[in-house]
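Note that the protein sequences, when read in sequence, are chains A and B. Numbering of the first sequence is given in the UniProt record's numbering, commencing with residue 1 and proceeding in unit increments. Numbering of the second sequence is given in the UniProt record's numbering, commencing with residue 1 and proceeding in unit increments.
There may be inaccurate statements among the hints.
[What the hints assert, rightly or not] Here are some, though not all, of the chain A residues that point toward chain B, as calculated from beta-carbon distances under 10 Å:
(1) Arg104
(2) Val112
(3) Ala113
(4) Lys117
(5) Leu146
Rather than coming from a laboratory, the hints here were simulated on the basis of the structure. Each residue gets a CB set at the ideal place from its N, CA and C atoms; glycine is no exception.
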Amino acid sequence: MTAHTHAYRDPILTLNNVSIAFHNEPILRDINAQVLDVTRPNMRQGQVVGFYGRSGIGKSVLCRIMAGLVAPGTGTVEVGLAQQSVTPGMVGFVQQRYPLFEHRTLHDNLLVAAQRKHAPAAARQHVDAYLERFGLAPHRRKYPALLSGGQRQRAAIAQQLLCSDHLILLDEPFSGLDVAMIDEVKKIIVEVTTMDELNTVIIVSHDIVTTTALADRLWLLGYEHDAAGALVPGATISPQHQYNLAEMGLAWHENVEAEPEFAQFVEHIKQEIRGS
Amino acid sequence: MKTLFSPNAQPRPLVFTSMVVAQVALLLLLWLFYPMQLFPSLGEVVRSLGDLVTTQGLIPELWASMTTALQALAVATVLALAISYLTALPFFRPIAYAASKMRYLTLTGLTFFMALMVSSGHQVKLSVLIFGATVYLVTGMTSVILTTTQEEMDHVRTLGMGEWRSFYEVVVLGKLDEMLEVVRQNFAIIWTMITLVETLYQSEGGIGLLLYKQNRYLHLDGVLAIQLVILATGAAQDYVFVLLRRVFFPYSQLGAA
Chain A
1 MTAHTHAYRD
11 PILTLNNVSI
21 AFHNEPILRD
31 INAQVLDVTR
41 PNMRQGQVVG
51 FYGRSGIGKS
61 VLCRIMAGLV
71 APGTGTVEVG
81 LAQQSVTPGM
91 VGFVQQRYPL
101 FEHRTLHDNL
111 LVAAQRKHAP
121 AAARQHVDAY
131 LERFGLAPHR
141 RKYPALLSGG
151 QRQRAAIAQQ
161 LLCSDHLILL
171 DEPFSGLDVA
181 MIDEVKKIIV
191 EVTTMDELNT
201 VIIVSHDIVT
211 TTALADRLWL
221 LGYEHDAAGA
231 LVPGATISPQ
241 HQYNLAEMGL
251 AWHENVEAEP
261 EFAQFVEHIK
271 QEIRGS
Chain B
1 MKTLFSPNAQ
11 PRPLVFTSMV
21 VAQVALLLLL
31 WLFYPMQLFP
41 SLGEVVRSLG
51 DLVTTQGLIP
61 ELWASMTTAL
71 QALAVATVLA
81 LAISYLTALP
91 FFRPIAYAAS
101 KMRYLTLTGL
111 TFFMALMVSS
121 GHQVKLSVLI
131 FGATVYLVTG
141 MTSVILTTTQ
151 EEMDHVRTLG
161 MGEWRSFYEV
171 VVLGKLDEML
181 EVVRQNFAII
191 WTMITLVETL
201 YQSEGGIGLL
211 LYKQNRYLHL
221 DGVLAIQLVI
231 LATGAAQDYV
241 FVLLRRVFFP
251 YSQLGAA
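The following block holds chain B by itself, in its conformation from the complex (with noise of 0.2 Å):
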């Protein structure tokens, strides 16, 4: 118990899993018998989740969003990846730098350009993720190029490689793991955004719509219950890319404090 309270401890697996279930249980229990006046009941959120469910298609919805969320962050991966790895080329850093400041420019102004340049809702709704987590993941994915030291580049130098052998395997090889990471953190953006894209090209649905509808109608039993199933989707979401990260690159948390 003592080494929850103590700094930089490391209290024993069981011990923090405890306390994190009994964080968890006390939440719902204030929810339970102390409801706010605004705030929806948690057996009202509950039967809401259950209608939306089997009356309104939160499931297949859901699968929706979540296979145009996926498909939005392949290919803003690849292009993200492409773009920040040209950066060991002085001709394409401007692109990077670009690109990285892009994230500043509004959804809503944007999805009428691509509205004039794709043919298909759907291809609008893509392209807007696309183009917005693929400035996220460039902003993330050119610092952790900026994280390669001297040391790390005169190491490999002396091993006789070229220049492009050197980036492949201290920048390409050697970061892959924290390029996955920047793509576990950014997958959120997309999630925030699919919700906002979802209301403005209706025509597919969506869990972005369904939430729209239910703030509309000022359901917010149906608002939380919806918000609590992205959560929810999210968090399976990280632990996913963390079991990734744990397969793929078992050396990535070797050093960690």
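Looking at chain A on its own, in the form it has when it is part of the complex (with noise of 0.2 Å):
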């Protein structure tokens, strides 16, 4: 496989040695990893990078210190161009269930968004485009119990859309979906990253293939061992679980899941995780 024609500018989002304990329990360690502006000639290219860990490693712990809604322990989260530091409301982040404002109807939820970085008539402007392009503007009138699962979750990627800065978490987004709806959440997190040159959706999720499908950069989180060999407390990322996947010839690729070194590099970070 060839590894398409890019180049990487600025840095988007920066973990400079975050580590996290909670009551005294080591829970993630010294994590550093930094996701790089991307550009590939002629075409706006976004970012999809995934951090991948096992069940119970401290997955949604890293979501909500990406997000600016717990702060580490030591270390910093740099966001944006600027590279400030982060706060609630910079990043958008989508939960696993998926929450929207159950009190407000689908438009609404949008605006509420839409109306924390635009003037009303704006942000009414906004909110219409949003619904049109997430295919959710027969159903603006609804309220959120009567969506599907499928809309649910697009609504709520562009409620954070709308007011996050191109920045945006998908905490576990595969979790429990069919093929078709994986699917689909596929072709809106590809959506998402061609609609602007620095939208950067970050996959944080136990599900190897289809985040490995979609990112152009992986982070694995594990544990490692002392020179004894015995387990050291708090989840990291090692220099060897950092994977640049455009590098690789793995991004981009409509069809990557097919391909044989695709199948190789999968059964590769199997063997890594059970070896960690």
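The task is to assemble the complex, starting from two chains supplied on their own in separate frames and drawing on the hints.
Okay, structure coming up:
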């Protein structure tokens, strides 16, 4: 497989030595990762990056740290081209169960988000555009309880996009979905990343195949062993567990899952997970 | 028919309504044809009800009690909402906790203190009712607030809303329908209290005083007639609250099983 021509520019998200412990028990340790603005000739190419980790390893904690909802014990999270310290609202965060305001209609759910960034008239225009773009226009007057799982997920993503600064974090976006729904989510993610050069989707998941198929960078969360072979508490990202899928020729291929190199890479990742 | 005896079944509305009508009819027939010695017959109760309406002013007394109850409920709801919402600030949490625990205070002892604090009998009655209803409402409303999840707060914060705006969106706006439900459930407490309070302050009458008089002279048919009137009034009020919830919070029952 050949890699598509691409180049890197400024950093969009930087995790710098992020660690956190709860009740003196280390959960995450010295996490370092940087998402750079990737460019491809003659097209708008946003970023899709994946953080993979086994269940219970601390992925949701990492999500909350990246979204600015909880401060790390040590280390920093910097976002945007200005690389500012993250605060809530800078990174859109779609949680596992796609929360929306149950007391607002779909249109109002999006409007309340859009009004955080735009004047009322412009906010309404943005909402109308997003409803069309995400195929939700016919459901604008519905309350969230009346939306299907897929519609709800699209609405949650649209709501976060309307008020975040290009970065959107998806916590387990493929969890519990059937094949058709996963395809739909994949389409949405690709759509989001082609809307704006700086749009960046961060997928935090334990679905290795789907995450790898979409991402251009992948980080593997796992545990390290000390010299004596004992497990070091707190999940981290080892240097050998950082993968640049764009350079490996595994990014931006339409049907990458059918390629033998992709299957080999997924098998390699599985071996790494089993070994950690 | 089978659905009426199947766990978690959802019988058709017509089947369910027919079942309720049949149950009520059966109860009335039993009452009509098998009167118990101590329990007044249906005919006696109906006659007593007519007498209460025509000669003892049941309707104006009921109206007097109802307006007092509604007045107390309105003030208690505002007070309870304020106390409950203030729990957002840690400084006010002990007040909500104390208010909730005050529902264990007895009404009789309380009326004594209220009588010392306010001037007229009406005000004593009203303040006792407001106090009694507020402490129950605060208990229910703080429980509703405590159901707020981390996910809900995370969601609103990621939309860039500040802490007060987040609280307003999730707790105030998001749970207003549940607050109305708390008010509906606790309205019954006011009716329980009003009958007692009206006997302590008899100058303004009310259905409680009427009930007390019937009780005193052992007019069991009259007692039962008044109880049935209170029950019907309560059911009607419940229905109005359900209607209000449907009109103002159409989303509130959408996810219910």
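Against the structure, the hints:
no.: 1; hint: Arg104; result: holds (8 Å)
no.: 2; hint: Val112; result: holds (7 Å)
no.: 3; hint: Ala113; result: holds (5 Å)
no.: 4; hint: Lys117; result: holds (8 Å)
no.: 5; hint: Leu146; result: holds (6 Å)
Every hint from the earlier list agrees with this structure, and none is contradicted.
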